[in-house]
Every structure is written in structure tokens, then in C-alpha cells.
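Working from the sequences, and respecting the hints, build out all of it.
Residue numbers (this note's numbering), protein chains in the order written: chain R, 1 to 211; chain Z, 1001 to 1211.
For the record, the hints were derived by calculation from the structure and aren't laboratory data.
Accuracy of the hints is not assured; some may be wrong.
[As the list claims (entries may be wrong)] In silico DSS-like links for lysine-lysine, alpha-carbon gap of 25 angstroms or less: (1) Z:K1108 to R:K84; (2) Z:K1099 to R:K84; (3) Z:K1124 to Z:K1108; (4) Z:K1099 to R:K99; (5) R:K12 to Z:K1099.
What follows is each chain in one-letter form.
2 protein chains.
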Amino acid sequence: MAEIFEPHAIEKRSMEIITSELNGRTWPEPTFSVVRRCIHTSADFDYADNLRFSDKAVELGVKLLRSGANIVTDTMMAFSGINKNRLESYGGKAHCFIKDQDVIEEAKRRNCTRATVSMEKAAKLEGPVIFAIGNAPTALIRIAEMIEEGIMKPALVIGAPVGFVNVVESKEMIMKAGVPFIVPAGRKGGSNIAATICNAMLYYNGEIDEA
Amino acid sequence: MAEIFEPHAIEKRSMEIITSELNGRTWPEPTFSVVRRCIHTSADFDYADNLRFSDKAVELGVKLLRSGANIVTDTMMAFSGINKNRLESYGGKAHCFIKDQDVIEEAKRRNCTRATVSMEKAAKLEGPVIFAIGNAPTALIRIAEMIEEGIMKPALVIGAPVGFVNVVESKEMIMKAGVPFIVPAGRKGGSNIAATICNAMLYYNGEIDEA
Chain R
1 MAEIFEPHAI EKRSMEIITS ELNGRTWPEP TFSVVRRCIH TSADFDYADN LRFSDKAVEL
61 GVKLLRSGAN IVTDTMMAFS GINKNRLESY GGKAHCFIKD QDVIEEAKRR NCTRATVSME
121 KAAKLEGPVI FAIGNAPTAL IRIAEMIEEG IMKPALVIGA PVGFVNVVES KEMIMKAGVP
181 FIVPAGRKGG SNIAATICNA MLYYNGEIDE A
Chain Z
1001 MAEIFEPHAI EKRSMEIITS ELNGRTWPEP TFSVVRRCIH TSADFDYADN LRFSDKAVEL
1061 GVKLLRSGAN IVTDTMMAFS GINKNRLESY GGKAHCFIKD QDVIEEAKRR NCTRATVSME
1121 KAAKLEGPVI FAIGNAPTAL IRIAEMIEEG IMKPALVIGA PVGFVNVVES KEMIMKAGVP
1181 FIVPAGRKGG SNIAATICNA MLYYNGEIDE A
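Listed below in C-alpha cells is the structure:
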């Protein structure tokens, strides 16, 4: 039995194991922090291969968060997983509209997903918004449509829905939408992955070069 | 672009794809529902290989939930992921004590994880309890210890912490603890997996044989 039980020591040791098992593969920081934390959250080294970043996306995310950007999630799970104390210490706020009564009713009326409607509600937020999508391809698709329609322009999109229907296509759409993105390409992702990408950026404490 | 956007149709089609890609591998129900839903939540077919069940664990879980058993999680993410409307319709309730002030203070004082202390708090609940552990090996270890010490006897343990330190060992401990279990062996798991195993049992609508 391993003898490590102190919370910070556990995390430190975990990151050392991940770095070691990556066999020398590395990324410039702060991107490496995101890659490592996705593997930490899933124990799945596929994230070393599937993560796609638009140019300097993680640097941008860190800067946005440090200057008080808000985060919108598609699920309560992703919302729950985000370190809201840290986020709020920078002045930002996390939102998830999926359980709002108006969203539920409109989705029923239109026979579409609540995720779609919740993104339309999020489009009305003021200030820079990071979208963290961990479940619903329909959320990601609606974001891409609203960008194309000129309805909104997200500061950054974490596009990490998981699954077998519409998921791969939705990620391809968002990567072509002309906005900064962090996306695990393919079927994998999840609310845990969307949240952990946010947290990796919130926890990163290094310098960020001014672009 | 796939043409399926209606929520129930998306889930139905996803399950068909998973079944098809399992290439004829199958499990008796309701176990198959759990296997399928773990893959659905992660897009990771490793769950077809790593899931371990004590004898008739899923049947037991379904029966427990239908008769109003409570669920205790180690994280707010797992708590958030559980369909609480469905759970409460059977008379059960979901609990997570990780953010309770008394838990936070005691963990600080003892320099152990909040997960450990939250399990000790959960041990005081009355009635049958399903533990759904998706993050903290220390939670699972404390459960195994309390079983051995005769402090409590969980009705079922979903042991799905994820990660690199203490995780594999904690799962081995719980599988030898003499209580019913559902465990993804190895490093993989997560709050999403713990929640989805609960939901698979909550959503299962077939008959359960009386043992």
C-alpha cells in the first residue's frame, strides 16, 4: 500500500507518474498542465493524443480567467467540478442554465435539447465568456451556429462533449468556427474533462507571455 | 452531419452503436445496462474489460434503489450526476458531505482528506446505503476500514476512484471487504462513472428475479 495520504502530496505524486509515463513527450506550459490534468482526471492517456488547441488557446484561457471571465457549462456536473472559489477569487462566475425553468419549458416546446436552449440563454451574458461543454454535442453545435449567425462570439470554447452521436461532427464544427478552442478530438470527453480543463487553467500559476 | 437531434433518439442510437461495437460481447441484464452506460459516459471501451461485480451486485443495486435506499457520494460532481428526481421517486435521497463545514474543519485538523471524514459522517446514516465513490481512494479505504472495524456495513459499494496513487490498492481492499461491490478495476473510474452506474440502476426498468 502506498504511504501517501496527504492531499497535496497525492496530487504531486500523481503528476510525477503521469509525466514519467508520457516517456518524454512534453508540451510547452501552460498547455502541458491541461494535458496532464485531463489524464489525471480520467487515467486515460488518450488525452495525450486527442487534445487540439487553437494557437495559444491555453495562454488565452489563463489570461481570461485571471481577468475575471465567466464560465458557462452545459451540465451541472461540469459546473460542480469547476473550482468556483478560485474562479470567483479572480472575479469570474460559473453559470449553468440547464435546470432553469424557462430553459426546460422552451426545450419541451421546441422538442430540442435543454442544452441547445441553455446556450441561447448564455449568449445573452455580458463580458468575455468561456464555454465549457462536456456533455451535449447539441450545445456545441448551437454555439457554432450562433457564431456563424453573428449572435455571439465566445472568448474561448472548451468543446469536450462525449459520445457516439453528433459528437465528432460537433467538435469539427467548433474547430472551424473561427474562435479559440480546446477540444479533445473524437468521441472522448465528458463533464469531468470540461471541468478539469477549466481547473488546469485556474490552477496554473506560472507567468503568461504577453502576446 | 447526423440527423438525430431528439434527446431520447440520441441515447437510443448511442446504445445501439455501443452494442454493435462490442461485437457480440454481452452480459446478462441488468449488468449489461451498467457496462453500456459506463461506455456511453466515457466513450471508453475499456469499461467492457475492467468492470468487476460481486455476485448479482447490479440486481441488488436495482432492488435497493427501488426500495428507497440512499446514495452517498464522495464528490459534488458524482452527486450532481445522479438523477435525483428518479432516486427520490423511489424514496431514496443522495448525500454528499464533502463541503460540510464540520467535515472541512476536521480534515484540516487531522491532515487527512475531506473524503475520509465525509465517509465517517456517512457511516452514521440510518437504513441501507449505497456508496458511490468516484474520486477519492481515501474514501474507499476508509469504508473498507470501517467495515473491518465493524463500524458499518454498506448495502453496496460502487468503488470507482480514478487515478495514480492509492487507487488500484483501494479497489482491491474494497473487493475483499465482504460487501457487495461494483468496481472498475485498475486506474480508471471517476465521478462521472460512479454517477452513471447509479443512473444505470435507476433507469433499468426490467424485472429483477427474486434471489
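Hinted pair, alpha-carbon criterion (25 angstroms max): R:K12, Z:K1099. Please report holds or violated. Roughly 23 angstroms separates the two Cα atoms, so the pair holds.
Z:K1099 and R:K99: Cα distance at most 25 angstroms? Between Z:K1099 and R:K99 the Cα gap is close to 22 angstroms, so the pair holds against 25 angstroms.
Checking one constraint from the list: CA of Z:K1108 to CA of R:K84, max 25 angstroms. Satisfied? 20 angstroms, holds
Straight-line alpha-carbon gap Z:K1099 to R:K84, limit 25 angstroms: 13 angstroms, holds
Satisfaction of hint between Z:K1108 and Z:K1124, Cα-Cα up to 25 angstroms: 21 angstroms, holds
The structure meets every hint from the earlier list without exception.
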